[in-house]
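Next come the chains, spelled out residue by residue.
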Amino acid sequence: MSSGAAVPTPPVPTPEVGTVVLTAADISRALTRIAHEIVERNKGAHDLVLLGIPTRGVPLATRLAERLAAIEGSPADGAPDPHAIVGELDVTMYRDDLHRHPTRTIGATRLPASGIDGKVVVLVDDVLYSGRTIRAALDAISDLGRPRAVQLAALVDRGHRELPIRPDFVGKNLPTSTSERVSVRLAEIDGASAAGDASADAVVIRPAPSPTGAAEDGEGGA
Amino acid sequence: MRHLLSTQDLGRADAVRILDTAAQMAATQSREIKKLPTLRGRTVVNLFYEDSTRTRISFETAAKRLSADVINFSAKGSSVSKGESLKDTALTLQAMGADAVVVRHQASGAPHLLAHAGWLDAAVVNAGDGMHQHPTQALLDAYTLRRHLSGTGLTAPGASGPDDAAARGAGLDGRHVAIVGDVLHSRVARSNVHLLHTLGAHVTLVAPPTLLPVGVQTWPCEVSYDLDATLAGDTANGGPDAVMMLRVQRERMSGSGAGGGAFFPNPLEYSRKYGLDARRLGLLAEHAIVMHPGPMNRGLEISAQAADSPRAVIVEQVANGVAVRMAVLYLLLAGSDETDVAPASAAQPVPAVERVPAS
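Protein sequence lines correspond, in order, to chains A and B. The first sequence lines up with residues 1 to 222 when you count with full-length UniProt numbering. The second sequence lines up with residues 1 to 359 when you count with full-length UniProt numbering.
Check each hint, because a few of them may be wrong.
As the list claims (entries may be wrong) - Okay, the calculated beta carbon distance ranges per label pair:
hint, chain 1, residue 1, chain 2, residue 2, range
1, A, Gly159, B, Lys87, 50 to 60 Å
2, A, Arg33, B, Gln94, 55 to 65 Å
3, B, Gly169, A, Ile71, 57 to 67 Å
4, A, Lys172, B, Ser30, 36 to 46 Å
5, B, Thr53, A, Pro207, 50 to 60 Å
6, B, Gly169, A, His83, 55 to 65 Å
7, A, His83, B, Leu91, 54 to 64 Å
8, A, His83, B, Asp9, 51 to 61 Å
9, A, Ser28, B, Ile33, 30 to 40 Å
10, A, Pro207, B, Ser52, 53 to 63 Å
11, B, Asp9, A, Arg29, 31 to 41 Å
12, B, Asp173, A, Ala25, 38 to 48 Å
13, B, Gln94, A, His83, 44 to 54 Å
What the hints assert, rightly or not - Dumping the calculated EDC-like pairs for lysine to aspartate or glutamate here, alpha-carbon to alpha-carbon at most 20 Å:
hint, chain 1, residue 1, chain 2, residue 2
14, B, Lys35, A, Asp47
15, B, Lys34, A, Asp26
16, B, Lys76, B, Asp51
17, B, Lys34, A, Asp139
18, B, Lys64, A, Glu88
19, B, Lys35, A, Glu40
20, B, Lys34, A, Glu88
21, B, Lys64, A, Asp143
22, B, Lys64, A, Asp117
23, B, Lys273, B, Asp226
24, B, Lys35, A, Glu37
25, B, Lys35, A, Asp96
26, B, Lys76, B, Asp88
27, B, Lys34, A, Asp117
28, B, Lys34, A, Glu37
29, B, Lys35, A, Asp117
I should point out that these hints are in silico values taken from the structure, not numbers from a laboratory. Quick caveat, the model's predicted, so the values are computed rather than measured. Using N, Cα and C, we set each Cβ at its ideal position, and we do this for glycine too.
Model the full assembly from the supplied sequences, consistent with the hints where possible.
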């Protein structure tokens, strides 16, 4: 039906849902690699705080924390408690496009008990696009404390940046057209898939449904 | 939501959304830096035709915490005292580019007129009009009630504290609230009856018959003339989970002298029959809370022991007022209006590219 998939990856064409570019196993492998990269870059996992950006950044941050704990070994060896280093950072009130869209519901911001002062904060989001969400997140962080450094991990980098923002850790670089949509589905948020798989994890790319083309609109969402 | 004029206009979903947003706003107020950039560049005008310190400061604080510019306008000392009409004031505000007008007026219906007469494009928030409505007060009362009463566990005095996460998305289903005192002159009571009913709570109004308005039987609540019986749980709903004492508004009672005018024989009798004192406090259930919209007449409708008891949440109500008003201003001002949506080719609603918008 949809002739000409936009990305020449091994396509699993499903007309309603688009093309699956990352399967559950791919996502798992990408997160494991990112976790190793975080440990390598920071020479361990001390003083790390993972802040997930709702909605899907939060389960991704939790999964990364579990992998970090597994990499670093037992807590006696200095490995972090995966639940004590994960937080949630809602950036709604810091967005610069609030007046351009219908009112957004405000989410929760929840920091680890240790706070973020002097820590290395890794922001975790599912898709990196214009960079505006990350700009808002940086503003939000500066109101919450003063971390030693802020790094950025994104599961998918789809390009089209509008701000000088660059991710430190990327699961997959996915060149896209602005007329395409990238959806990340995670079991924690989206539940198990209808097909009965154990996990609903997938990254799906599909053309935007609008016939007029939303190509002019480059700054939404992220 | 374009304006906030009356709690009667609020559906349950809207009300719960305001309370949930208020909870998130309250969470930001415990931070070191309380100010958010959310409404930067927006102008909020506090248009107060009637004296009010608490409400005006609360709205002003809320707007400033969201980085909006605030203009305070009080009728005293303004051109209103030279005879300027509400319409001309509204046109002036429109010309100055106000994005929201918070209006308190001694005339019931003035905010409605301001919102619908076509003088202003701004969002209008009713901050109390005559004896009609005071919706943000009702919302802050509902928010306070929900913090203490919703969820699985009721908060007993001295417990670790309300669980805000458990309250999220909840209403006040099955709770019983007694509103006691001068219902006749109280916009707080009118607003609360409708909002609490919308949120699923039972409301009992307790007042002397002279202080109940005509037509109260059409309101979605019960009416009692006996405070002791209500507190003891003689009604079908059992004892109240919260008691909301109303201020006796003697300034609205004509021919008053020292007493209550024609409404009650004298303050002492009112206090004996409808005042919340230590004895009546003892009749309340363990988890029940005591509320008062302030300012209190200590010794008249509420005794010092009741006002200062650990189950009184009167000071917390003030703090919650800022969070609720932040939520209202955010919901009215942050998003685009339907009317503001640009042509489809220029700025379509963002495709839900990265994440499905939480709804």
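Cross-check of the supplied hints:
1. Distance hint check: the CB atoms of Gly159/A and Lys87/B are about 53 Å apart, consistent with the given range 50 to 60 Å.
2. Checked against the hint of 55 to 65 Å, the pair Arg33/A and Gln94/B passes, with Cβ atoms roughly 58 Å apart.
3. The supplied range of 57 to 67 Å is broken by Gly169/B and Ile71/A, whose beta-carbon atoms lie about 37 Å from each other.
4. For Lys172/A paired with Ser30/B, a C-beta distance near 38 Å keeps the hint of 36 to 46 Å intact.
5. For the pair Thr53/B and Pro207/A, the supplied restraint of 50 to 60 Å holds, since their beta-carbon distance comes to about 58 Å.
6. For Gly169/B and His83/A, the hinted distance range of 55 to 65 Å is not satisfied, since their beta carbons lie about 24 Å from each other.
7. Our hint of 54 to 64 Å for His83/A and Leu91/B holds, since their Cβ atoms are close to 58 Å apart.
8. Checking the proposed 51 to 61 Å range against His83/A and Asp9/B shows it is violated: the Cβ atoms sit about 43 Å from each other.
9. At about 38 Å, the CB distance of Ser28/A to Ile33/B agrees with the hint of 30 to 40 Å.
10. Our hint of 53 to 63 Å for Pro207/A and Ser52/B holds, since their Cβ atoms are close to 55 Å apart.
11. A hinted range of 31 to 41 Å for the beta carbons of Asp9/B and Arg29/A is inconsistent with their spacing of about 53 Å.
12. A hinted range of 38 to 48 Å holds for the C-beta pair Asp173/B and Ala25/A, which are about 45 Å apart.
13. Taking 44 to 54 Å as the suggested C-beta distance range, the pair Gln94/B and His83/A conforms, at roughly 53 Å.
14. Between Lys35/B and Asp47/A the alpha-carbon distance is near 27 Å, which puts this suggested pair outside the 20 Å criterion.
15. For a cut-off of 20 Å, the pair hint linking Lys34/B to Asp26/A is broken: about 41 Å separates their Cα positions.
16. For the hint pairing Lys76/B with Asp51/B, the CA-to-CA distance comes to about 9 Å; that is within 20 Å, so the pair holds.
17. A distance of roughly 13 Å separates the Cα atoms of Lys34/B and Asp139/A; the hinted pair therefore holds under the 20 Å criterion.
18. With a C-alpha separation of about 25 Å, the suggested pairing of Lys64/B with Glu88/A is violated against the 20 Å cut-off.
19. Distance restraint check for Lys35/B and Glu40/A: the Cα-Cα separation of roughly 37 Å exceeds the 20 Å cut-off, and the hinted pair is therefore not satisfied.
20. A C-alpha spacing of about 18 Å is found between Lys34/B and Glu88/A, which places the hinted pair at or below 20 Å, so the restraint holds.
21. For the suggested pair Lys64/B and Asp143/A, the alpha carbons sit about 16 Å apart, so the restraint of at most 20 Å is met.
22. For the given pair, Lys64/B sits about 26 Å from Asp117/A by alpha-carbon distance, which is inconsistent with the 20 Å threshold.
23. The hinted pair formed by Lys273/B and Asp226/B meets the criterion: a straight-line CA distance of about 8 Å does not exceed 20 Å.
24. For the given pair, Lys35/B sits about 36 Å from Glu37/A by alpha-carbon distance, which is inconsistent with the 20 Å threshold.
25. Our distance criterion of 20 Å between C-alpha atoms is met by Lys35/B and Asp96/A, whose separation comes to about 16 Å.
26. Between Lys76/B and Asp88/B the CA atoms are separated by roughly 16 Å; this keeps the pair inside 20 Å, and the hint holds.
27. Proposed proximity of Lys34/B and Asp117/A is supported: the alpha carbons are some 17 Å apart, at most 20 Å.
28. Under the criterion of a C-alpha separation no larger than 20 Å, the hint pairing Lys34/B with Glu37/A is inconsistent with the structure, at around 35 Å.
29. A C-alpha spacing of about 19 Å is found between Lys35/B and Asp117/A, which places the hinted pair at or below 20 Å, so the restraint holds.
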